[in-house]
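Visitor: Sequence:
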Amino acid sequence: MACFSSFVLLQLLIGAATVCIASARNATTEGAVVKSPRVSPATAVAEFVASHNAARREVGVPPLTWDAKLARFAKAYANQRRENCELVHSSGYTYGENIFWGQGRRWAIPDAVGKWVEEKQWYHHNTNSCSGPECTHYTQIVWRTTQRLGCAKIICNSGDTFIVCEYYPPGNYVGARPY
Numbered sequence: 042m043a044c045f046s047s048f049v050l051l052q053l054l055i056g057a058a059t060v061c062i063a064s065a066r067n068a069t070t071e072g073a074v075v076k077s078p079r080v081s082p083a084t085a086v087a088e089f090v091a092s093h094n095a096a097r098r099e100v101g102v103p104p105l106t107w108d109a110k111l112a113r114f115a116k117a118y119a120n121q122r123r124e125n126c127e128l129v130h131s132s133g134y135t136y137g138e139n140i141f142w143g144q145g146r147r148w149a150i151p152d153a154v155g156k157w158v159e160e161k162q163w164y165h166h167n168t169n170s171c172s173g174p175e176c177t178h179y180t181q182i183v184w185r186t187t188q189r190l191g192c193a194k195i196i197c198n199s200g201d202t203f204i205v206c207e208y209y210p211p212g213n214y215v216g217a218r219p220y
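Residues 42 to 220, numbered by this note's numbering, are exactly what the sequence shown covers, in order.
Label-pair ranges, simulated between beta-carbon atoms:
{"hint": "1", "residue 1": "Glu127", "residue 2": "Pro82", "range": "20 to 28 Å"}
{"hint": "2", "residue 1": "Ala83", "residue 2": "Asp152", "range": "16 to 24 Å"}
{"hint": "3", "residue 1": "Gly101", "residue 2": "Glu124", "range": "35 to 43 Å"}
Within a straight-line C-alpha distance of at most 16 Å, the following computed EDC-like cross-link-like pairs (lysine to aspartate or glutamate) qualify:
{"hint": "4", "residue 1": "Lys161", "residue 2": "Glu175"}
{"hint": "5", "residue 1": "Lys156", "residue 2": "Glu175"}
{"hint": "6", "residue 1": "Lys161", "residue 2": "Glu99"}
The hints are simulated quantities; they were obtained by calculation from the structure and are not laboratory data.
Beta carbons are placed, not taken as given, at the ideal position from N, Cα and C, and that holds for glycine.
Work the whole structure out from these sequences, hints included.
Guide: The following block contains the structure:
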């Protein structure tokens, strides 16, 4: 019985650890790659923009607009990750960037953006500090001077979901407040 219980516990821990991992660095539908018959490119763009702008509205910063150039960059980079779905940032640092990996195909665009926005609970505007494991995905989303975004969502060869959003101008400058 102890061996069975340990095995079940191990399986639960592995499952919990692989639910979602995200990482970040600091109005056309072009580039919004979606490999799902249920979500059109136009719907994907609308979901990316609406999910971001809802968080921005909460803190009183101007809305973001969709940028085809950023979306093309995001699409090209997402396609590079298709083979292994690895959470690695693009090179160049020209743009702000949030990346997301989710196990399986079930991750919708608002789910991924929502994971980034959940970091708000750890960000403290008064002290411009983060008391949790991560805040930079959230702060990039609400960075006051960021004006445009372009994103892409793909299903990797493994069947997992990879989402990347590019932001311009980038945010997350050390010592600066997002809003």
